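Residue numbers (this note's numbering), protein chains in the order written: chain R, 245 to 678; chain G, 245 to 678.
It should be emphasised that the hints constitute simulated quantities derived from the structure, not laboratory data. Computed from a predicted model, the values in this text were never measured in an experiment. Please note: incorrect hints may appear among the correct ones.
Each pair may be met inside one copy or between any two copies, as identical chains are not told apart.
[Unchecked claim] Here are the computed lysine-lysine pairs in the DSS-like style, where the Cα-Cα straight-line distance is at most 30 Å:
#1 K628 <-> K642
#2 K523 <-> K485
#3 K621 <-> K662
#4 K632 <-> K661
#5 K661 <-> K628
#6 K485 <-> K524
#7 K662 <-> K628
#8 K642 <-> K654
#9 K632 <-> K621
#10 K621 <-> K661
#11 K662 <-> K632
What follows is the residue order along each chain.
There are 2 protein chains.
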Amino acid sequence: MDISKRQRNPAQPSAEAYLIASRRCELMNLQYFLQMGKLIQSISNLVHGLQRERGASTIFLGSDGEKFGPERNAMVAESTCLYTVFERALAEIHEELTTHPVGSHLLAHLASAFHGLGSLSALRTQVNARSLSVSDATESYSMLIHRLIAVVFEAAETAVDPSLARLLVAMVHLMNGKEFCGQERATGSAGFSGGRFDIALSQRMTHLVEAQERCFEVFLGFADEHSCGLLRSLRAHQREKEIERLRQLGCSVGRYKALDPALSDHWFALISERMDELKKVEESVEGSFHGRCAERFAEARNSLAHHEALIASLDQPANSALPLLVLCEPGRNGETQSGEAWSSDGIGQRFGRSIFDLVQEQSRRLQQMSEDLQSAKEALEDRKTQEKAVLLLMSHRKIDNDEAHRVLRKLAMDQGKKLPEVARALVSMADVLK
Amino acid sequence: MDISKRQRNPAQPSAEAYLIASRRCELMNLQYFLQMGKLIQSISNLVHGLQRERGASTIFLGSDGEKFGPERNAMVAESTCLYTVFERALAEIHEELTTHPVGSHLLAHLASAFHGLGSLSALRTQVNARSLSVSDATESYSMLIHRLIAVVFEAAETAVDPSLARLLVAMVHLMNGKEFCGQERATGSAGFSGGRFDIALSQRMTHLVEAQERCFEVFLGFADEHSCGLLRSLRAHQREKEIERLRQLGCSVGRYKALDPALSDHWFALISERMDELKKVEESVEGSFHGRCAERFAEARNSLAHHEALIASLDQPANSALPLLVLCEPGRNGETQSGEAWSSDGIGQRFGRSIFDLVQEQSRRLQQMSEDLQSAKEALEDRKTQEKAVLLLMSHRKIDNDEAHRVLRKLAMDQGKKLPEVARALVSMADVLK
Numbered sequence: 245m246d247i248s249k250r251q252r253n254p255a256q257p258s259a260e261a262y263l264i265a266s267r268r269c270e271l272m273n274l275q276y277f278l279q280m281g282k283l284i285q286s287i288s289n290l291v292h293g294l295q296r297e298r299g300a301s302t303i304f305l306g307s308d309g310e311k312f313g314p315e316r317n318a319m320v321a322e323s324t325c326l327y328t329v330f331e332r333a334l335a336e337i338h339e340e341l342t343t344h345p346v347g348s349h350l351l352a353h354l355a356s357a358f359h360g361l362g363s364l365s366a367l368r369t370q371v372n373a374r375s376l377s378v379s380d381a382t383e384s385y386s387m388l389i390h391r392l393i394a395v396v397f398e399a400a401e402t403a404v405d406p407s408l409a410r411l412l413v414a415m416v417h418l419m420n421g422k423e424f425c426g427q428e429r430a431t432g433s434a435g436f437s438g439g440r441f442d443i444a445l446s447q448r449m450t451h452l453v454e455a456q457e458r459c460f461e462v463f464l465g466f467a468d469e470h471s472c473g474l475l476r477s478l479r480a481h482q483r484e485k486e487i488e489r490l491r492q493l494g495c496s497v498g499r500y501k502a503l504d505p506a507l508s509d510h511w512f513a514l515i516s517e518r519m520d521e522l523k524k525v526e527e528s529v530e531g532s533f534h535g536r537c538a539e540r541f542a543e544a545r546n547s548l549a550h551h552e553a554l555i556a557s558l559d560q561p562a563n564s565a566l567p568l569l570v571l572c573e574p575g576r577n578g579e580t581q582s583g584e585a586w587s588s589d590g591i592g593q594r595f596g597r598s599i600f601d602l603v604q605e606q607s608r609r610l611q612q613m614s615e616d617l618q619s620a621k622e623a624l625e626d627r628k629t630q631e632k633a634v635l636l637l638m639s640h641r642k643i644d645n646d647e648a649h650r651v652l653r654k655l656a657m658d659q660g661k662k663l664p665e666v667a668r669a670l671v672s673m674a675d676v677l678k
Numbered sequence: 245m246d247i248s249k250r251q252r253n254p255a256q257p258s259a260e261a262y263l264i265a266s267r268r269c270e271l272m273n274l275q276y277f278l279q280m281g282k283l284i285q286s287i288s289n290l291v292h293g294l295q296r297e298r299g300a301s302t303i304f305l306g307s308d309g310e311k312f313g314p315e316r317n318a319m320v321a322e323s324t325c326l327y328t329v330f331e332r333a334l335a336e337i338h339e340e341l342t343t344h345p346v347g348s349h350l351l352a353h354l355a356s357a358f359h360g361l362g363s364l365s366a367l368r369t370q371v372n373a374r375s376l377s378v379s380d381a382t383e384s385y386s387m388l389i390h391r392l393i394a395v396v397f398e399a400a401e402t403a404v405d406p407s408l409a410r411l412l413v414a415m416v417h418l419m420n421g422k423e424f425c426g427q428e429r430a431t432g433s434a435g436f437s438g439g440r441f442d443i444a445l446s447q448r449m450t451h452l453v454e455a456q457e458r459c460f461e462v463f464l465g466f467a468d469e470h471s472c473g474l475l476r477s478l479r480a481h482q483r484e485k486e487i488e489r490l491r492q493l494g495c496s497v498g499r500y501k502a503l504d505p506a507l508s509d510h511w512f513a514l515i516s517e518r519m520d521e522l523k524k525v526e527e528s529v530e531g532s533f534h535g536r537c538a539e540r541f542a543e544a545r546n547s548l549a550h551h552e553a554l555i556a557s558l559d560q561p562a563n564s565a566l567p568l569l570v571l572c573e574p575g576r577n578g579e580t581q582s583g584e585a586w587s588s589d590g591i592g593q594r595f596g597r598s599i600f601d602l603v604q605e606q607s608r609r610l611q612q613m614s615e616d617l618q619s620a621k622e623a624l625e626d627r628k629t630q631e632k633a634v635l636l637l638m639s640h641r642k643i644d645n646d647e648a649h650r651v652l653r654k655l656a657m658d659q660g661k662k663l664p665e666v667a668r669a670l671v672s673m674a675d676v677l678k
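With the rest of the complex left out, here is chain R:
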C-alpha cells in the first residue's frame, strides 16, 4: 500500500471517504515520525560528537596546546562523519519537511542550526591557532549545540500521537540535561585546572547541577520503563559518588586554598564517562521511539486496511449512504420521493449505523489522543515559559543567565510553588514589568 499516493478526488464526498482519509492522514503522520526519528538520532549523535569536541578543545586551549591535540583532531574527524550522517537523514526527510504546512518553525530552527554549523570550520581554525579563549570556545560550541537541540524540541512540538510525543519530551529533556552536564564539565575543568573556584564558578556549578536534575526528573516522568531504568542505574553508579565529592570539594574550598590541578583530569574523565553513559540512555529512548513508531504504524495500517475492507463489504446496498439531497418541488407529493427508500430500507439503516459507529469511534479516538497529548504539550510549554521568564529577568534586572535562574528558583522556594508556576506568573506580568 502506497500511502504517499495522493488520493483521487472522489466523485461525491461521503462519510466513508473522509473516514478513510482521516485514517490515512494518521498513517502519513506516523510515517513522517518514523523518518523524523532517524533525523533526531543523527542530531543526538552529532550533538554528542560536538560535546566531545568541545571538551577536548577546551582542554587543548587551557593547556596551551599541550594536551588533547591528537585526540581533538580525531574528535573533529568523528564530528565531521556525524555531520554527514545528519545531512543524509535530512535529505531523506527533506520533501516532508519542506511541504509540511505547519513546518515553518522547524525549518527556521534548521536554518539557525546550519548557520551555526557554517561557522564551525572557522571556530576550529581559531582553536587550532589558539587565538580564542577557553570560555569563548565553550560559548561558541554551546550555542551550536543549543540550536541543534532546539530542532528536536520543535519536532517534539509537532507530534500528534501521545505515546510518541511523550518519548520526544523525554528525549529533549534528556538532551538538555546532558548538555547541562557538558557545561558542568567545562565549568569544573576551568575551576580545577585554575586551582580554585571563585564565587561565579561555584554558583554556575550549582545552577548546572540543579538544571540537569530538573531535566532528568521530567525525563523520568515521560520516558519508557527501560530507559528510566538505565538512568536510575546511572545515578546509582559508584562514579556518581566520586563526582559528588569533587563537586563539593570545588564549591566548598575557600578563596585562598588552592586545589590540586591534577584533579582537573580526574574530573574531566569522570564527567566524560557520565556523558557517554547518558548517551546510552538517549540511544535507548531512540530505540523505544523507533519501536513505538513502527508499532503504531503497523497498527494504523492494519486498522486502515480493516476499515477499507469493512466499508467495501458494506458497499453492497449501492449508494444509500451517500448524501442524497432531494429537491422537493412544490406541489409534488413527498411520499413518492426517492429519499424515502432510505428510511424503509433495512439494509441501508444497518449500513448507516455501521458507518456511524466507525465515524464515532474515530472521533472518540482522536479526541482521546488530544487529551492524552495534553501532559506532553504542557511539559514543553513549561520549558518554553521558563526560558522566557529567564530572558525577561535578564533584560529587566540586567543580570546574567545563571543569576536569572537563581532568582527564579528563589522565587519558587519562597512562595512554596513549582518553578513552572512561578515562571508563568512572571511571564504574565511581562507587560507590567516593561
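Following the hints, complete the assembly by docking chain G onto the known chain R.
Coordinates of chain G only, in the frame set by chain R:
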C-alpha cells in the same frame, strides 16, 4: 512563482536554503487558508440554509402541514444548491485536506458531517410525511448543524497566523451564537404556539439567551472592527426590544395563563430577521478573513521574493556560508586549512552577518506569532473545556444539557469566578468524580 512546486533537494543544506524553505512553508499555509476561507463560507451558507429549513419544517409540522409548506420546499431547494457549493469548495481543497499531515481531526469531523448529511433526505421525507415530532425534527437538524460548525472549529484550531486565527475564533463563536439563536427560535415557537411556556421551556430559553450572549462577547473580543460594529448595531436595533419583550412575556406568564398563539408567527418572524442579520455579520467576518488572507499572502510572497533576491545578491562570495566541515588530520598545521579563509574574509563575514540577521529575524517573527496566537488558542480551549465540563456533569449527575449548563453557571457565580475557570477546575477533578 509556483509555490506548490516541491523544492528540489539542495546539494548541500544551508541556512539560506532552510530560511527560504521556512518562508515558503508559511506561504503554503496562507494559500491553504485562502481556500479554507471559501470552504468556511460555504459551510456558513449551508448552515444558514439548514437553519431556515429547520425553522420552516418545525412550523410545517407544528401546524399539521397547514403552514409553510411551499416556503419549506423552496428552502429545501435552496439548501440543496448550497450543499452543491459546499461540495465544490471541498473538492477544491481536497488535495490539501487529505495530505495535510495533521489533518486527521478535520477529516474525521467532515466524515461525521457527511454522515449527518447522508440522512438528510430521510429526514426530509419524514417531515413531508409528518411522521416525526417537532422536537425530533429540530433535534436532527440541530445535530447536523452542530457537526458542520465543528468542522469550522477544527479549521480554526489549525490556524498558525494569529490574525487569521483570531478571525476564525470570532467566526466560530458567531456561528455558535447564531445557532443558539436558532434554537431559541424553535423553543419560543413551541411555547407561543402551544399557548404557554412550562418550566422546562422557560429554563431552556434562559439558557439559550445566555449561551448566545457569551458567544457574542467572545466574538467581540476577536472580530475585526467593522464586523464588531455590525453586531453592535444589530443589538441596538429596534427589533431587539420587541424580542426582549416577547422573551419576558414567554418566561414570566404563569402556568395557567394562556398566551395568544398568534404571537408565535410574530416571534418566528422577528427571530428569523435577527438570524438573517447575524448572517450578514458572518459574511462581514468572512470578507475580513479573505481580505486578511490575501494581504498576508501578498506580504509573505513579497517577503519571500525579497529574501531570495537578497540571498542571491549575497551569493557572490561563493560558498563561504555553506557549512565547511574541515577534517583536521592529526599532525597537519591548522593555519593552512581552508576554513581559515572564512575568518579572514571580510566579505564572507559581512555575508555571514546578513544571513544571520535574516535567520534571527525569521525566528523572532515566528516566535512572536506563536505568542500572539496564544489568546486565540485559549478561547478555543475554553470552549472545548466547557463542553467537556457539561458532558461530565451530564453523565455524573444524570442531568440534561441545559441543567448541566445551569449548574456550571451557578458554580461560577457562587465562586465569583469566570465560567472557563470553573469548567477547568471541574474537568481537572474528572478522575476523582468518576
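Practice task
Go through the copies and call it for K628 and K642: within, between, both or neither, with a Cα cutoff of 30 Å.
Solution key: within (20 Å within a copy, 41 Å between copies)
Exercise for the section: Pop the pair K621 and K661 into one bin, within, between, both or neither, using alpha-carbon distances up to 30 Å. Expected result: both (20 Å within a copy, 26 Å between copies)
Problem - Intra/inter-copy verdict for K642 and K654 if alpha-carbon distance must be at most 30 Å - result: For K642 and K654, the Cα distance is within 30 Å only inside one copy (17 Å; across copies 47 Å).
Handout entry: Intra- versus inter-subunit Cα pairing at 30 Å for K661 with K628
Key = both (18 Å within a copy, 28 Å between copies)
Handout entry: Intra/inter-copy verdict for K632 and K661 if alpha-carbon distance must be at most 30 Å
Key = both (18 Å within a copy, 28 Å between copies)
Problem - Copy assignment of K621 with K662, given that the CA separation must stay at most 30 Å - result: Answer is both: 17 Å inside a copy and 24 Å across each meet the 30 Å cutoff.
Practice task
First find the shortest C-alpha distance between K632 and K621 inside one copy, then the shortest across copies, and answer within, between, both or neither for a cut-off of 30 Å.
Solution key: both (16 Å within a copy, 19 Å between copies)
Exercise for the section: Indicate which option fits the pair K485, K524 if close means a Cα-Cα distance not exceeding 30 Å: within, between, both or neither. Expected result: Only inside one copy: K485 and K524 sit 20 Å apart there, 72 Å across copies, limit 30 Å.
Practice task
Indicate which option fits the pair K662, K632 if close means a Cα-Cα distance not exceeding 30 Å: within, between, both or neither.
Solution key: both (16 Å within a copy, 27 Å between copies)
Problem - Identical-chain pair category, K523 with K485, by Cα at 30 Å - result: within (20 Å within a copy, 71 Å between copies)
Practice task
Pop the pair K662 and K628 into one bin, within, between, both or neither, using alpha-carbon distances up to 30 Å.
Solution key: both (15 Å within a copy, 27 Å between copies)
The structure is consistent with each of the numbered hints, conforming to all of them.
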